[in-house]
Amino acid sequence: GVDAAVRQAAGECFDGCELTGVGVAAAGLVDPERGSFIEVNEVPALRGYPVAEVLRRALGVPVYVEHRARLQVLGDRWFGAGRGLESFASVSTGEVLGVGVFFDGELLAPHGGRSGAHMTVLAGGELCTCGARGCWKTVATTRWLRQRARAAGLGAEVTLAELVRRGDGGRPVVEEYADNLALGLVNIQQLFAPGLFVLHGEAVEGGEGFRARVEERLRRDSGWSTAAPPRVVLGEAGRPDDVALLGGAGLVLTHR
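Okay, so the sequence shown: first residue is 377 according to this note's numbering, each after it adds one.
If you're looking for bench data, these hints aren't it; they were derived computationally from the structure.
Ideal placement from N, C-alpha and C gives every residue a C-beta, glycine not left out.
Hints are not guaranteed to be accurate.
[Stated by the list, open to error] DEER-style ranges, computed between Cβ atoms:
hint, residue 1, residue 2, range
1, V609, E502, 25 to 35 Å
2, D391, E471, 26 to 36 Å
3, T496, L621, 22 to 32 Å
4, E551, A380, 18 to 28 Å
5, L567, A532, 30 to 40 Å
Hey, can you work out the whole structure from these sequences and the hints?
This is the structure we're talking about:
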């Protein structure tokens with residue numbers, strides 16, 4: 377069952393380690409106070425699952441649960457491009473999509489809040505896994521990229537990096553992907569004006585040209601009126617989950 381799978385994963389991850397605590401970076405809707413998953417659209421069996429309690433019993437240490445996007449922004453705040461900043465946003469791209477916002481010196485973590493992947497960007501658009509239509513997630517993830525590339529005759533399992541390397545052949549799909557990603561960032565900028573967006577995951581593979589396209593669309597459509605236009609930077613290369621894991625470790629340390 378789920379409990380056994382969680383215990384097995386924990387054993388494989390932490391075998392031989394001396395633990396102070398564990399931070400869980402979770403997708404979907406979470407309840408940090410209870411340490412549980414409220415809802416994970418792709419995995420219905422995890423609805424209401426008390427992951428913190430299960431891990432606490434298995435490992436004998438405190439366990440803290442937070443949304444992946446919010447732990448990612450903490451990782452950037454403590455160890456990455458957000459160090460020393462009072463406001464910025466950290467963006468997950470690829471198979472998952474989400475934004476964590478650090479605003480005026482505080483992590484935005486409202487009860488029941490999500491990561492923006494299910495904000496509506498196209499009324500009446502494609503059906504999403506959540507049951508709604510036109511979510512940002514339906515047009516700005518790896519799934520969309522592969523579908524669009526396949527429709528354009530560019531291959532079934534093509535990556536963003538491969539499309540960029542193809543130059544003019546892949547450019548229309550790459551630019552549309554960048555524009556779709558910028559759609560959600562424009563909404564975040566208009567609501568919270570973080571000013572800086574740190575891209576992680578698949579977007580890093582797109583390189584400078586992809587980054588510049590996202591930034592240009594963000595500046596064009598967000599209606600910024602301050603002295604400093606919003607900026608987009610690429611996170612450090614490496615496994616896309618690293619910064620969220622660093623945020624999870626930092627979350628544990630803040631509770632010591």
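- Item | Unmet hints by their number, sorted upward, for this structure | Result: hint 4 breaks, nothing else.
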